[in-house]
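Participant: The chain contents come next:
2 protein chains.
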Amino acid sequence: MSLLVTGSIGIDTIKTPHGVSERCLGGSSIYFSMAASFFAPVRFVGVVGDDCPFDLAEVFKGRDVDLRGLEVRSGSKTFVWHGTYQENMNDRTTDYVELNVLQEAPPKLPDVFLDSRFVFLANTAPALQLELLDQIAQPAFVAADTMNLWIDGHLGDLKKLLKRIDCLIINDDEARQLSGRSNLVKAAADVLAMGMKVVIVKKGESGSLMCSADGQTFLLPAYPAAEVVDPTGAGDSFAGGFLGHVAQQGRTDFEALKSALAYGTVVASFTIADFSLSGLTGTSRSEIDARLEELRRFTSF
Amino acid sequence: MSLLVTGSIGIDTIKTPHGVSERCLGGSSIYFSMAASFFAPVRFVGVVGDDCPFDLAEVFKGRDVDLRGLEVRSGSKTFVWHGTYQENMNDRTTDYVELNVLQEAPPKLPDVFLDSRFVFLANTAPALQLELLDQIAQPAFVAADTMNLWIDGHLGDLKKLLKRIDCLIINDDEARQLSGRSNLVKAAADVLAMGMKVVIVKKGESGSLMCSADGQTFLLPAYPAAEVVDPTGAGDSFAGGFLGHVAQQGRTDFEALKSALAYGTVVASFTIADFSLSGLTGTSRSEIDARLEELRRFTSF
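The listed protein sequences derive, respectively, from chains U and B.
For the first sequence, the residue numbers in this note's numbering are 1 to 301.
For the second sequence, the residue numbers in this note's numbering are 1 to 301.
Since the hints were made in silico from the structure, they are not lab data.
Errors might be hidden in some of the hints.
What the hints assert, rightly or not - Which stretches of chain U does chain B cover? Using the computed rule of at least three CB atoms under 8 angstroms from a CB of chain B, they are:
| id | segment |
| --- | --- |
| 1 | 141 to 154 |
| 2 | 203 to 214 |
| 3 | 225 to 233 |
| 4 | 258 to 269 |
Said to hold, decoys possible - Computed beta-carbon distance windows for the label pairs:
| id | chain 1 | residue 1 | chain 2 | residue 2 | range |
| --- | --- | --- | --- | --- | --- |
| 5 | U | 173 | B | 18 | 20 to 26 angstroms |
| 6 | U | 92 | B | 50 | 53 to 59 angstroms |
| 7 | B | 18 | U | 278 | 45 to 51 angstroms |
Everything numeric in this text was worked out from a predicted model, so none of it was measured.
Glycine included, each C-beta is placed from N, C-alpha and C at the ideal position.
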């Protein structure tokens, strides 16, 4: 079933203990789409400036990613991000950022996308996420991401958004910040009470926790990656694998969401094994399936 | 089958955000034995001074814990520990410690314990752990704990010990310190290469990782505890639940160790729900079994 994503497209420069990748393709909608395309057709919405050095049609060639929602805005400049990861690969610093086109008007959703059933609203101002969501006629399952900046400064808008979506995907620090609770189980419960049906809390190398408003819980360790080269895009790939599999199944019961979460975890493990998109573009659905079975074996008792 | 534990007995004073517990019973062999006694008969070895305010026969009344290895040493003083946990319940500081009888000669193993098949050597100087192990005639499965102090200052003795045991149970920081690796998957592999068959890495609220020398892996999240009152003894309860179940099964194949690890995880979740031993003494085998099934449901997909 149709899966729509709205998010950023960036020119990333990434330093990790494994090396440097200069001016490579990044951004939430890019990682999400590449990850989701292993499972379901993706409708891509995003905007770049006319300085963008990447040919996205070439990037997604052979994958079912509909780029009719890509806008190349004349006279604008593409989003730029420079980041450095520390030795432990968990802590990162932003060295440099140019929001550029991301602080202008958002891209328009093409009319042909307005009947999308599954939607991912990547991290941006919650007012914008709401505006985008308002345009979708009859969404079946809407997931969103957010970050500390919006929890701090735009909590009113964020709380409106949380009443409108089905699933929030955030990291552990964000869950603690949003709930004011240090215990993650309590934090998840408090976040759920803000209105959505399901919350997914990402804990990096410690895996993830999914809780539903009807009292169900799922705990999944991360895939045990011996080699982490570049964690950039792990969260968006996780969301892409998750929603891609949900859209492929066309089911949103808790059992379906559990399998989808496992796929998200596995897809993210491929992302972090190389710089930029190389980890994802270098794998296949059959490798993903094989690693999913490995993860099932590693976690069953 | 017979399970022997050697470790400390302490007079603990514990401060957590939930309150203070003054001069309560603690120590590794105490938590281990209470946890293991849900599964198998325990042979207890430890030493206190004649100032010890606790009647251990009363503490373990109704449980199959053989106290013939308990020495009350005349003229000596019992081990004392004061600790404070921070708000996040992960960081703790030692406010005060008196090693007392723990820095004297170790307790003697009673002759009737020398045929023990399953053995846990709780954290102490590795030379002492080796001396204790040398006395056991034909152990089937020996597990040990250690800490930063011995990795730093007694690495030679520790490496001798690691070649003699079957299973090392350590936390994530200790695994990183012992291996010099920041990635836990690589750290576990390097620790395994030091000689034991199985390494278990405890990650606190993030669960645990078990790897075997023959290439098997098991990942288990922690039980999602909404209320953590006092984390003291969680690690020794985990080890007690694990080895207790191993001894009960009498099997050490990887599938048996996986189930045992899940029992260790569940038993530790009861320990941390109250001060000192109250979390453990307030539960039952049937509650433990029910929570194990809950954990299985929470983690299967």
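Participant: Failing hints, ascending?
Facilitator: 1
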